[in-house]
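Visitor: These are the residues of each chain, in order.
2 protein chains.
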Amino acid sequence: MEQRAKTRTGEVMDAIRRKIAGRALSPGEKLPSIRRFADIMGVSPSTVVEAYDRLAADGVIRARPGSGFYVSGGAPPLAVAAVEPRLDRAIDPFWVSRQSLDAGAGMLKPGCGWLPADWMPQAAIRRALRHLARADDSVLADYGGARGSFALRRLLARQFADEGLAVGPDQILLTLSGTQAIDLICRFLLRPGDTALVDDPGYFNFQALLRAHQVRIVGVPYTPTGPDPALFAQALEQHRPRLYITNSALHNPTGATLSPQTAHTLLNAAAAHDLVVVEDDIFAGFEPTPSPRLAALDGLTRVIRIGSFSKTLSASIRCGYIAARPDWLEALVDLQVATNFGGPSPVATEIIVAALSDGSYRKHLDGLHRRLARARREAAGKLDMLGVRPWLTPRGGPHLWCRLPDGRDAAAVARAALRDSLILAPGNVFSVSQSADGFMRFNVAQMENPRVYEALGRILAAPPVAEGAGEDAGDHASRLTAPAPASA
Amino acid sequence: MEQRAKTRTGEVMDAIRRKIAGRALSPGEKLPSIRRFADIMGVSPSTVVEAYDRLAADGVIRARPGSGFYVSGGAPPLAVAAVEPRLDRAIDPFWVSRQSLDAGAGMLKPGCGWLPADWMPQAAIRRALRHLARADDSVLADYGGARGSFALRRLLARQFADEGLAVGPDQILLTLSGTQAIDLICRFLLRPGDTALVDDPGYFNFQALLRAHQVRIVGVPYTPTGPDPALFAQALEQHRPRLYITNSALHNPTGATLSPQTAHTLLNAAAAHDLVVVEDDIFAGFEPTPSPRLAALDGLTRVIRIGSFSKTLSASIRCGYIAARPDWLEALVDLQVATNFGGPSPVATEIIVAALSDGSYRKHLDGLHRRLARARREAAGKLDMLGVRPWLTPRGGPHLWCRLPDGRDAAAVARAALRDSLILAPGNVFSVSQSADGFMRFNVAQMENPRVYEALGRILAAPPVAEGAGEDAGDHASRLTAPAPASA
Chain A
1 MEQRAKTRTG EVMDAIRRKI AGRALSPGEK LPSIRRFADI MGVSPSTVVE
51 AYDRLAADGV IRARPGSGFY VSGGAPPLAV AAVEPRLDRA IDPFWVSRQS
101 LDAGAGMLKP GCGWLPADWM PQAAIRRALR HLARADDSVL ADYGGARGSF
151 ALRRLLARQF ADEGLAVGPD QILLTLSGTQ AIDLICRFLL RPGDTALVDD
201 PGYFNFQALL RAHQVRIVGV PYTPTGPDPA LFAQALEQHR PRLYITNSAL
251 HNPTGATLSP QTAHTLLNAA AAHDLVVVED DIFAGFEPTP SPRLAALDGL
301 TRVIRIGSFS KTLSASIRCG YIAARPDWLE ALVDLQVATN FGGPSPVATE
351 IIVAALSDGS YRKHLDGLHR RLARARREAA GKLDMLGVRP WLTPRGGPHL
401 WCRLPDGRDA AAVARAALRD SLILAPGNVF SVSQSADGFM RFNVAQMENP
451 RVYEALGRIL AAPPVAEGAG EDAGDHASRL TAPAPASA
Chain B
1 MEQRAKTRTG EVMDAIRRKI AGRALSPGEK LPSIRRFADI MGVSPSTVVE
51 AYDRLAADGV IRARPGSGFY VSGGAPPLAV AAVEPRLDRA IDPFWVSRQS
101 LDAGAGMLKP GCGWLPADWM PQAAIRRALR HLARADDSVL ADYGGARGSF
151 ALRRLLARQF ADEGLAVGPD QILLTLSGTQ AIDLICRFLL RPGDTALVDD
201 PGYFNFQALL RAHQVRIVGV PYTPTGPDPA LFAQALEQHR PRLYITNSAL
251 HNPTGATLSP QTAHTLLNAA AAHDLVVVED DIFAGFEPTP SPRLAALDGL
301 TRVIRIGSFS KTLSASIRCG YIAARPDWLE ALVDLQVATN FGGPSPVATE
351 IIVAALSDGS YRKHLDGLHR RLARARREAA GKLDMLGVRP WLTPRGGPHL
401 WCRLPDGRDA AAVARAALRD SLILAPGNVF SVSQSADGFM RFNVAQMENP
451 RVYEALGRIL AAPPVAEGAG EDAGDHASRL TAPAPASA
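Protein sequences, first through last, are from chains A and B.
One point on numbering: in UniProt numbering, the residue at position 20 of the first sequence is 20, and numbering is uninterrupted.
One point on numbering: in UniProt numbering, the residue at position 45 of the second sequence is 45, and numbering is uninterrupted.
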């Protein structure tokens, strides 16, 4: 027994040493709390206490009284970081994004929200880069205009005109990303303590963003044809939200499409309660045929349209946009100057204009639609064999919102999957009400490797593991709203 | 007399029509108030009233009762925008940035804060782009890691080590710009109603940014060796600020250098009052020899280092960074995920790493230092002939902070210069206390065209024009903190 405890202490010590060597823990970084690390390693807290004490004696880590243990300082080795999955991260709205963004090369990412790089129009991007290498000096080294590239705004205005939305290029502001577009709008319209409405389930980062703005978040249950109109009206009545953020074209995570009736009803309710609607059109390129758009119905009176190019062109070349009423847009331009000294890189917008204007882009989109439809069928078939069933079959896009079999807890499955180098998107990260614990969002474009299904099958076949309580919920998010004091 | 009034009305109407045709006023955009436009055009308010009424009768603009006049809607022409200087903009912290960013090709910009594009390392950037056209798919189309390019963070960590600041790559977060770096820090540390300290004079966009965070701004008078230590201590005592934002290397706008004594004294005062200091190192590349750095003295205990590559590499390829305590940095990473879904474009960071690692970069900097020293001597000599004298001679960088002759008002000179297609940076945009109306910041790298001195000479030789009161000050900035209501 003592021997076994010693071995376990050694295992914990080895795990910490590996994290430090692999730079998953940096000099000066705080180690996980003893309780949390005991949970992660499946050992008793006293084993972790002993391991931490011995590592401190070795000088590998050091204790700060009343604060915890920290990795010792000293000039760190300048080796290439071996990124490891962060097993100790809480299942919160940051869970999927941080895991997906920082995934190492060996990780599979059915939980991430974008396409593999080789599904993107690589040839067009490379042509754009070679073209850019011969551009004017000012494109390569000067700031762009405060609204960003006129050529790209004109191109967007033409796209909008095609959907019946008459917007001049000056009513468009280019931003650094789709997310930053919404962030600017939140800065403009929201104050701490205001209320904002999101879909439930809905895109997890809307929650993370709204929390950063210290607003109350209210979720409206999402149906296969949009938010439930009666509950939407009730939420407006009861909570008087200032803003509603939603996806158009294909809803994230469900892949559902807004019906014309729901769109019309929502806008009437919004008008009656003086609600501003942000329509995130980021999935437009995935649509095989057009669906109702709030911005087009409303004519940008109270709807603000945002979007980006990261889903069907490149997530690396960062750029988003806002189309809004001229008076609002002018204030948003100033806010972007104040907070970012202007818009996206002229280098980025040149590449985007070139790639979008490249004759091959329409063909690329058609190819994507076919490839995604095939991948969707295949993934749905294989998931079905595991008892994992989609809530609905989307018209396009990479997402399948699925119910897990046998009341399995998606967070527990996602945690187990991480140990198998699999990043999943458990339902509750999308749910303000935390009512989607039996759901999981899958990205069919990231599931071509059979290892995905092998690992999922193994995890779902094993009996459920009891989860350590108190790790999920809001303790992580609260860090954003209650910053560390400036103590030395 | 009646004939003359008619002509004037026609002139005002023509001016509005030109603005609309040139897209300086967009469909739906609000026209300047009658009083303001009367001031700008040098006509009586009744002339403007008549002009607006007649344009409204023509359908060119329309009145909204109780609100003012707006440009009529309708699908705007998709022609290339002819950018015009905005004569009606208030002289506030946005004045220089918006004018400089949106300057048309014919404008000269001695007031802007960056180098002409052909002073930048164009050959290295073009080599980097050609190289990038052959990069891995994932660099061209995938999101980067949440902290951004490891290669660039390692390169920065090595630079920091050279100045005696031991920081691991994981203690560095890449951001979308230097300004966005400060914005993230403000989000993390400040709450509406907090107080922040800036230099007076100091970089105007610090004011714009802090106003967007709805904090009180207190200025500390800047001396040739840094902020006045006694007044700095007094401001801490009296206002209990949470944050102080300043430039290292070469202060903006004065070009002054912090002395070792002042640096040491400031940090002691900061420690005594639990103040966090943001050191903006954006001008580091302009320094011929190193000067004291707060971050290096403090070891990143309460100092946060930020910077970017826009001054000596490229303002187009947008990227900044933050180096901070590990616990703060981790929260900043989450905030950047929430508000921008991660960091800068991998495309951007690849170009920057390649250009900085290019053997030619050190030589480029040496060349810049020589070229700037020569330009500084020449500009100082020519300005001297006009009676414009620098407050001090900076050790490097493009800026000369100059006193105008004969008590001339810098805002009036800057307004007059705009009519001559010259963008200037009048002193008070840099001054929280509005006490720098006799000063002007010049950028010697933007003054090679003799037209700059001809126009300046003409304006300074003419008798001062009385300025319309009430246009400057904070009415513009207040738009950011009191957003338009969501009325249809």
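It cannot be assumed that every hint is accurate.
Put simply, identical chains are the same to the list, so a pair is met inside one copy or across any two.
Straight-line C-alpha distance at most 20 Å; calculated SDA-like pairs for lysine to any residue [unchecked claim]:
hint, residue 1, residue 2
1, 382, 108
2, 363, 455
3, 30, 166
4, 30, 330
5, 382, 264
Everything labelled a hint here was simulated from the structure, so no lab data went into it.
Note that this is a predicted model, so its numbers are computed, not measured.
Visitor: Decide, hint by hint, whether the structure agrees.
Guide: Hint check:
no.	hint	in the structure
1	382 x 108	within (16 Å within a copy, 64 Å between copies)
2	363 x 455	neither (35 Å within a copy, 54 Å between copies)
3	30 x 166	between (53 Å within a copy, 17 Å between copies)
4	30 x 330	between (43 Å within a copy, 10 Å between copies)
5	382 x 264	neither (38 Å within a copy, 66 Å between copies)
Going through the hint list in order, the structure does not satisfy hints 2, 5.
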